[in-house]
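Input sequences plus hints: build the corresponding full structure.
Each residue of the sequence shown is one higher than the one before, starting from 1 at the first, in our numbering.
Quick caveat, the hints were computed from the structure, so don't treat them as lab data.
Values in this document were obtained by computation on a predicted structure and should not be read as measured data.
Careful: at least some of the hints might be erroneous.
[What the hints assert, rightly or not] Under the rule of at most 20 Å between Cα atoms (straight-line distance), these lysine to aspartate or glutamate pairs were calculated in the DMTMM-like manner: (1) K95 <-> E41; (2) K109 <-> E98; (3) K59 <-> E70; (4) K55 <-> E98; (5) K109 <-> E120; (6) K95 <-> D85; (7) K59 <-> E88.
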Amino acid sequence: MGLWFSKHEGLEFSVLPSTEVSGPLGLGDPDSTELNSVELETMIPALMNDESRTKHCVKLWDNWNACQREYQWSAVLLCRNLFFDALECNKKLLKDPEYFEQMRQRYLKMRAEYRRTGVEQKIVRTES
Numbered sequence: 001m002g003l004w005f006s007k008h009e010g011l012e013f014s015v016l017p018s019t020e021v022s023g024p025l026g027l028g029d030p031d032s033t034e035l036n037s038v039e040l041e042t043m044i045p046a047l048m049n050d051e052s053r054t055k056h057c058v059k060l061w062d063n064w065n066a067c068q069r070e071y072q073w074s075a076v077l078l079c080r081n082l083f084f085d086a087l088e089c090n091k092k093l094l095k096d097p098e099y100f101e102q103m104r105q106r107y108l109k110m111r112a113e114y115r116r117t118g119v120e121q122k123i124v125r126t127e128s
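Below you can see the structure in the form of C-alpha cells.
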C-alpha cells in the first residue's frame, strides 16, 4: 500500500514535455518565431482589436460612446449607425494582412521578452 503513495524519484510533472521546455527560465525559446493555433487565432486578433480601438478607430468609438451616454436606453436605435461605422473600421483593419503581420511581430517581441525575463507585459488600454 505504501508504494502507491510514495513519490517515484524518476517521475516529473510538467505542462509541457521536458523535450519542449527550453529557454533561460524554462518558458520556451525566446528567439522562436513559431506560433500555435491559440496565438494565431486568439491572441494576435485580440491584440489587433485592442490596437484598432485605442489608436486607429478612436474617433468613431468615441462618437458611439458619447451617443450611448446621451441617449441611454434609446441608444440601441439612435446610435446604431455610429456603432456599425466603428465596427466597420475595426473589421477593415482585422482583414488587412500588413496590419496582421505588424501585430504578429509585436506579439513575438512581447512573447520573447516574457520568455527571457518571466515578466509579462501589460497592455494598458487608455482612453483618449
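Each hint tested on the structure:
no., hint, verdict
1, K95 <-> E41, "holds (13 Å)"
2, K109 <-> E98, "holds (17 Å)"
3, K59 <-> E70, "holds (16 Å)"
4, K55 <-> E98, "holds (16 Å)"
5, K109 <-> E120, "holds (12 Å)"
6, K95 <-> D85, "holds (16 Å)"
7, K59 <-> E88, "holds (13 Å)"
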